[in-house]
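**Q** Chain by chain, the residues run as shown.
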Amino acid sequence: MAESDPAPTAAGAAPDLTRQEFRALQAAAFDRIGERYDEAFPHKEGQEQAVTWLLQRLRPGARVLDAGCGTGLPSARRLADAGMAVTGVDISPVMLDLARRNVPEARFLEMDLLDLGEETGGLGGPFDAAVAFFCLLMLPRRDIGPALRRLHGLLVPGGLLTLSMVEIDMDDVGFQFLGAPVRVTGYLRDDLRAVVEEAGFEVQYTDAISYAPATTQAPPEVQLFLGCQRRGG
Amino acid sequence: MAAEPGQGSRLPPGPPRPPDLAFLRAATVRLTGAHGPAGAARLLCEELVPRLADTARVYLSDPEGEGRPPRHHPVAVRTVAAPGDGGAPETGAPETEAHPAGPGPGPFPATGGAGTRTLAVPLEACGRRLGGAILTRGPGRPPFDDSAVLLAGQLTAVAALAVHHAQVELSHAAITDVVRQSLRPEPPPPPPGVEIAHRYRPGDRRMLVGGDWFDVIPLSGCRVALVVGDVMGHGLQAAALMAQLRTSVQTLAALELPPDQVLRSLDDIARRLAGESITTCLYAVYDPVVRRCGIASAGHLPPILVHRDGRAELLGLEASTGLPIGLGRPPIETTEIAADDDSMLILYTDGLVERRDHDIDNRLERLRATAGAAGGPLEKLCDVLLDRAGGTDDDVTLLVARFRGIPSEHVAGWFLEPHSRTPGQVRALVRRTLQDWGLSGISWRVELAAGELVANACRHATRLISVRLVLTDVVLFEVGDDDHRLPVLRSPGELDEQGRGLHIVADLAERWGSTRVAGGKTVWFTVQPSP
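Protein sequence lines, in the order shown, are assigned to chains Z and B. According to the UniProt record's numbering, the residues represented by the first sequence are 1 to 233, in order. According to the UniProt record's numbering, the residues represented by the second sequence are 1 to 531, in order.
Chain B on its own, in the form it takes in the complex (with noise of 0.2 Å):
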């Protein structure tokens, strides 16, 4: 900054000057080179002192609130160095009491001019008062002239327009985040009987969002639903739909449809929602008690199945090779097949195999070799398939799950035809199992919640009734009966004698639901075990 010797860091006194171009030049050079908001209006305080004031203070508003008075503290001051102090001004943080120079609450004050000391200018862009800047002269200084004026006009209005765009690169940066953090996969806790590992890269690595997603859906009966899908394109309108998508595939999971009925219900609703686009989903369903997993593929690559020694192979799915989804009425089978304990399940995108120059059965081959010869924790077998897959513009995702089953002794199941004795001979299973599982302490809640259901059923039911219990982190009782209405709460009248078994459930048990299922319903609850 020019300052003529002798003047310390004040301008000379003397006759206006034409407005300095070169210094406004650099100026607006530095300004528009700024750094947020605050940054900007540091920065516009240093081209105005001591240049055109010794004081200046500049204030913005909470972009927040648009239209609401400046904050009362000035984000930036700088003041000329005092005599003596040989120093360069400084510019200061933010002063933490209210300045009396600062305007109060109110529309900023646009006060002063040619001939006063204290010059106001607001600060203002794209029709928003976006603050102002206060620039003081001492006495040693003659008042601000016409030129100042202008100077400092120009400097603001290309400051403010900094301040703009800070804020608006501000608001976008929140917003991106909003739309990234509700976009991006994240599953719940693993369910009781299997291990949970997955791994997402978006391609788009700016808005760290894409086409890919990933699920784990916790069915009733301690089923797990294992979900991964692909939408055709990156970055944010593949991740519109896909979260469109992700969000059917939750709600048809959650009506326990089966997983070729899933997928083809998917298949209708993407062809709804986006009708040119093209989607693979790949569906398992893993019954921890049975050990059992069905599988259904729209058009996904294949997923792999690690046994318990390391045999690794390609689940060559029935009609897994067919149509992807949204393009209509694609041919879906389910496949069903063992999963033993301790074996793998890896689903996984086509970013993790697919790379132009490489034919991908090959690809395939290789990643079948790598997930076999792969043992240790979950953890490392997705680093170790994620290092292999390289780098790659494309979406990756990489979801594995280890099947651990639940212990046949930890699983009861009876049939029993109904009748006036049902629902005591159950309370009696369930009091012999409790005893059993040495859960004695909370066997009169369970039996008590279990008698009412099995009432229930039995009132409904035509043919057998079936009966479950299930010790995993709770405990699980369901009972299964042939008639498809599903239990509603309801407030009985005061002479009601029915009625009021589901609310001595409710209100015994921690969770409490119902399920559609071939051949009739099964309604369900869990009771947590007493540390």
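Chain Z on its own, in the form it takes in the complex (with noise of 0.2 Å):
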């Protein structure tokens, strides 16, 4: 997720949701977005660059958590062209099916990182290095701990961690995004770092650029990465 429309929806304040509810309405966003979401982010070179962090420092045959992948563009491809055993996991169909055809030699699951329980359940961890690009912003504030901490917990000790946002200082609010209502939350870049850190990891990569996404009416934004290390045993 990388871009918003300036004006936010009329049901700006967040409304009193289940997860359930709520995990419903952002995954029927990204089942409307389908392929646009590659037409309108087209570059991507922030996300090469982390993934290309990341790609450094694993061995061959290394197993990756792919969190919110999406199309399975760019990242997941390339970690499966690099050998890496991928894992995508997301919350909708849609995407996953355009993973799934993007690319095949990696597993894709149907899920909501949230639901695991400290067991790595049936996703075969524990993984050697997790990726999520533009997933968290999807999650209201108080989940984002929780789902780096369960990121945390399904890696092994030492595992790396590359991450990116949006650099915007909101939490869980309405927005169109290319077309499909949905509620985006975000931190401006000291404040994600503090949260990371928080989750038991310590940053050792950051990068900030400013992105120009190619379709109407949508502002340029600044897209934070941050490479990470798993902390303690």
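Since the hints were made in silico from the structure, they are not lab data. Every residue, glycine too, gets a C-beta built ideally from N, C-alpha and C. Fair warning: there could be bad hints in the mix.
[Claimed, not checked] Derived DEER-like restraints, expressed as beta-carbon distance ranges:
no., chain 1, residue 1, chain 2, residue 2, range
1, B, Ser265, Z, Gly179, 26 to 32 Å
2, Z, Leu109, B, Arg485, 19 to 25 Å
3, Z, Pro74, B, Gln181, 55 to 61 Å
4, B, Thr462, Z, Glu21, 21 to 27 Å
5, Z, Pro157, B, Glu313, 58 to 64 Å
6, Z, Asp97, B, Arg485, 45 to 51 Å
With the hints as a guide, bring the two chains together.
**A** Quick look at the structure:
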């Protein structure tokens, strides 16, 4: 997720939704967006560089979790090409279908990280690394810390995590995103770093780029990329 | 000039002759062919000397100051050659020193007459005193007689008419010049992110004005409006309405209205100003940050978009074949196109394509092909397109914009939920961004002013605020919120807690302003990077 209509939707304030309702709303939005996502965001240099940072630190065959894998492009595709064992999860069935077509050799599961127990369940963890590109911003702030701790729990000791967010200061605000209503959350970079460190990671790599989406009425945004290592045993 | 042998250039004394009608006729023809007031004065001297006088001085009033006394110095002097010179009389340039024979300030003296050796003849035409001529005869010649006075008066009257007409012509030329200069479209220096070239060739070669116009109008947020219009008709009448409509478009543009609304409002204005007129107009707004261009057309010819690879297309805008302005409520819509870097938008008027003996579609197609084939600098493209248009008595206007865009690394934008920490957060974002741009030197100014604007926005916003920094030749800071009321610079009372923010911004920034936008307003300022 990277683009947002400058005018938030009328339902700007967070309605009282259960987690299931909230997730269904977000998933439906991405079901509607589908392939248009990659059309609106054709250049993903920041994401490519963050994956490069990760690949430089992994052996071939390493197990990598792609959280919020979307269409599987470019990250799952590149990780698979580099010989990694990729598992992708997403809450949108339409996006997962696209991902399965784009990266047939990877494994994809319709799953919400927050539903996972402490045990790594059907995911087949633990993982040597995880990526979470523009997916945490689909969660309200109260769920981002738990989601990061869940990723922490899915990684081997010393495992790596790269993630990206849009640099915005808001919590669970309604937006029109590529014609679909979604709710969006973000942090300014110092706050994001604090949240990530709080969840048990050491930040080793940061990047911030200005990005102008190739779509109508989409304001340029600042994208944040973090490369982190799991602290603790 | 007749001069009898043995008498040098002087007329022989003798009995009065009847007026020399043949001379008078020839002199009149010569005088009416004078170029300019000074030229008429010179010709008058030549007719007067040596035939009527030994010396003639012609003085002219300053045409600028009607009713003022003539200048101290004659504009033309002619004296018979001194004996022994053997040459023809010389018509001199105006003397540089006050001539004793010259009239001083005050009413021109109408003195002398028959029986004197000095004759002063006023130059008058159409009830205006234009100056005067002073004729003198030396001791070797008899005083002026009645016929000489009559002849001098007749010649001077003709010369006065010539001076009058020359002065009227000069003042017409001056008026035309002012009108022409004020009516001729001249765009400002190109705003950032776009390269501009233009041609303007009025069909009226005498006045050099016409009903065509073009404009390049900088808008807020580095956007720029490109305008081409064509008032039906030629010459001064079309130009006068054009000037009014051009001003109207500038005013509407300043309100940051969308292109279709600008043209719809222009239609209302045109019908009030000149009910029967017909005007076509094309209004485009290019945003170099998001690289989009919104275009609306009121019956105007389709613009040409030339892509980076040279592919050229006529933009078949929605309703572009619709009604022109002036007919009332034209159906106008804004079409948005991608404006990729290094692509070009070509706007023009029908003078560039229209010839009566050709099908307009064929000519448009040929223009499109020419535009696509010509590469290279914009000025060259303009020359090529104008060459192909050939000679025409219609106005020709051409405006070419090459989109350059503003690199995304020179743009940074954020959305923030307004709260008490937000101004501080924005100051930090500004500091970090300017550091990335190597502009820490002006950081404190931008931070301070940005903090004030953001604090204002947070006070009034009910939803997210947006913040944007753009680096061009200046640093632009913008903050948007959902409150429509524009900020006003007021004098705060001594004990007021609020109302100082904008004064701080006005002091720290080169320029600042505010704009209503869909869903709220944007307040902005610019700071010049120190050299």
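**Q** Now tell me, hint by hint, if it's right for this structure.
**A** Each hint tested on the structure:
1. B:Ser265 x Z:Gly179: 26 to 32 Å: Holds - the Cβ-Cβ distance for Ser265 of chain B and Gly179 of chain Z, about 30 Å, lies within 26 to 32 Å.
2. Z:Leu109 x B:Arg485: 19 to 25 Å: violated (51 Å)
3. Z:Pro74 x B:Gln181: 55 to 61 Å: holds (58 Å)
4. B:Thr462 x Z:Glu21: 21 to 27 Å: holds (25 Å)
5. Z:Pro157 x B:Glu313: 58 to 64 Å: holds (59 Å)
6. Z:Asp97 x B:Arg485: 45 to 51 Å: The hint (45 to 51 Å, Cβ to Cβ) holds, given that Asp97 of chain Z and Arg485 of chain B are roughly 49 Å apart.
Violated hint: 2 only; the structure is consistent with all others.
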